[in-house]
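Please model the entire structure based on the sequences and the hints provided.
In my numbering, the protein residues as written are 1000 to 1143.
Worth double-checking, as some hints may not be accurate.
Cross-link-like lysine to aspartate or glutamate pairs, in silico, DMTMM-like; alpha carbons within 20 Å at most [claimed, not checked]:
1) K1112 / E1072
2) K1042 / E1029
3) K1004 / E1072
4) K1042 / D1007
5) K1112 / E1083
6) K1043 / E1083
7) K1115 / E1077
8) K1043 / D1007
9) K1043 / E1029
10) K1115 / E1083
11) K1112 / E1134
12) K1004 / E1020
13) K1112 / D1122
14) K1043 / E1077
15) K1042 / E1083
16) K1004 / E1134
Keep in mind the hints are simulated off the structure, nothing from the lab.
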Amino acid sequence: MRLTKFSDYALRVLLYAASIEDGRLVTIGETASIYGISQGHLKKVVMSLIHAGFLQGTRGRTGGFRLARPANEIRLGEVLRATETDFALVECFQQGNACCISRPCRLPPIFAKAVKSFMDTLDQFTIADVMMAPEQFGLEAERA
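Here it is in structure tokens:
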């Protein structure tokens, strides 16, 4: 299983936002610069996280975003469910399945159990569990 860049970037955005303890707004430009990600792509990620309730956004010249909930209330599995569009590991999980052995095949329940275990594991951890200090983002000079 491989996560999309969208989910990867979503987790990165949440990690960075969680590292800002003074409650200030984080900008898309600032975050894009830290990670070396295009601002346009990051804007889509941030908007999705705002829509899903993980971030609180403020528009305008002095706008930005911050966590909408405490980091210990944002589960990693919850984030992936909101950002991943496809957990179909094999064709028989997809709409329009054309596999000729789908009915007698014993693989689907095993793959379904694997996906459930994967998500159950991620549900055990929150953003707070994987938070980093601001200086780990290379920000020690900016904050001094």
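To see whether the hints hold, each was checked on the structure:
With a C-alpha separation of about 25 Å, the suggested pair K1112 and E1072 falls outside the 20 Å cut-off, and the hint is violated. Only pairs whose Cα atoms come within 20 Å are accepted, and K1042 paired with E1029 is accepted, the gap being roughly 12 Å. Between the alpha carbons of K1004 and E1072 the distance comes to roughly 23 Å, so the proposed pair goes past 20 Å and is violated. Between the alpha carbons of K1042 and D1007 the distance comes to roughly 14 Å, so the proposed pair stays at or under 20 Å and holds.
About 18 Å separates the Cα atoms of K1112 and E1083, which keeps this hinted pair within 20 Å; it holds. A distance of roughly 14 Å separates the Cα atoms of K1043 and E1083; the hinted pair therefore holds under the 20 Å criterion. Straight-line distance between C-alpha atoms of K1115 and E1077 comes to about 13 Å, which keeps the hinted pair within the 20 Å bound. Note on K1043 and D1007: the hinted pairing holds, with a Cα-Cα distance of about 13 Å set against a maximum of 20 Å.
A C-alpha spacing of about 15 Å is found between K1043 and E1029, which places the hinted pair at or below 20 Å, so the restraint holds. This hinted pair checks out: K1115 and E1083 have alpha carbons roughly 14 Å apart, not beyond 20 Å. This hinted pair does not check out: K1112 and E1134 have alpha carbons roughly 39 Å apart, beyond 20 Å. Distance restraint check for K1004 and E1020: the Cα-Cα separation of roughly 26 Å exceeds the 20 Å cut-off, and the hinted pair is therefore not satisfied.
For the hint linking K1112 to D1122, the alpha-carbon distance of about 15 Å falls within 20 Å, and the restraint holds. The suggested pairing of K1043 with E1077 holds, with an alpha-carbon distance near 18 Å, which does not exceed 20 Å. A hinted pair counts as satisfied when its Cα atoms are at most 20 Å apart, and K1042 with E1083 qualifies at roughly 17 Å. A C-alpha spacing of about 24 Å is found between K1004 and E1134, which places the hinted pair above 20 Å, so the restraint is violated.
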